Amino acid sequence: DTAVSQTPKYLVTQMGNDKSIKCEQNLGHDTMYWYKQDSKKFLKIMFSYNNKELIINETVPNRFSPKSPDKAHLNLHINSLELGDSAVYFCASSQEASGGAMSYNEQFFGPGTRLTVL
Amino acid sequence: SQKIEQNSEALNIQEGKTATLTCNYTNYSPAYLQWYRQDPGRGPVFLLLIRENEKEKRKERLKVTFDTTLKQSLFHITASQPADSATYLCALRGSQGNLIFGKGTKLSVKP
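Chains A and B, in that order, are what the protein sequence lines are. Take the first sequence: its position 88, counting from 1, is numbered 88 in this note's numbering, and each next residue is one higher. Take the second sequence: its position 104, counting from 1, is numbered 104 in this note's numbering, and each next residue is one higher.
It is worth saying that the hints were derived from the structure and are not from the lab. This list has only true hints and no planted wrong ones.
Straight-line C-alpha distance at most 25 Å; calculated DSS-like pairs for lysine-lysine: (1) 9/A with 106/B; (2) 41/A with 103/B; (3) 36/A with 3/B; (4) 3/B with 55/B; (5) 19/A with 52/A; (6) 36/A with 106/B; (7) 40/A with 103/B.
Pulled from the structure, derived: some chain A residues nowhere near chain B, Cβ distances all over 12 Å: (8) 18; (9) 22; (10) 65; (11) 79; (12) 82; (13) 83; (14) 86.
None of these values were measured; they are calculated from a predicted model. All C-beta atoms in this analysis are idealised placements derived from N, C-alpha and C, irrespective of residue type, glycine included.
Produce the complete structure using the sequences and hints provided.
Here's what the structure looks like:
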């Protein structure tokens, strides 16, 4: 069984288009993330959701809009795609500690979506 | 500003030797540090976590050390095998609870 799955695996599109990437986790985790890995392999957090609420929103253009319909899903919609958006996008999930306690839990990553903007 | 550095982009070693990867950080006081493995075309996979009050952690052929004075973690793979070839990422817990990753070290183990 796949723990964290993403669709599509590859996405090739023209500049200016709008596209979505879907992510689902079946681990029962309460926190999900989107990361961007650029051509230099640098993995950087974009968004984090805990129980469907936005927790982290790094300096990401507002063309990127995450949506979490439920705890198991975190989708990423990108408007007006630009050349610089080409990268691999990873979804991840983890179980955070309750009551504000620090979590030491690992993150589980999906297989990635390679986005190419032409 | 806060920085994480894995000072070798690539490391080539012979099978059977010990691989040692370094992760340095500045302007952080992380509660813990994690190491992940990433294979080409795949997402990172968690390997080990070490807390700030731990000096060393082991798991099979893997060993991680954490020196909060030097602000450095070392990741060792003993008796390395070609199957250990991958990119290894260190990650620190950021102030918002997220992970902040280094750029990774690509390890190649030659038979």
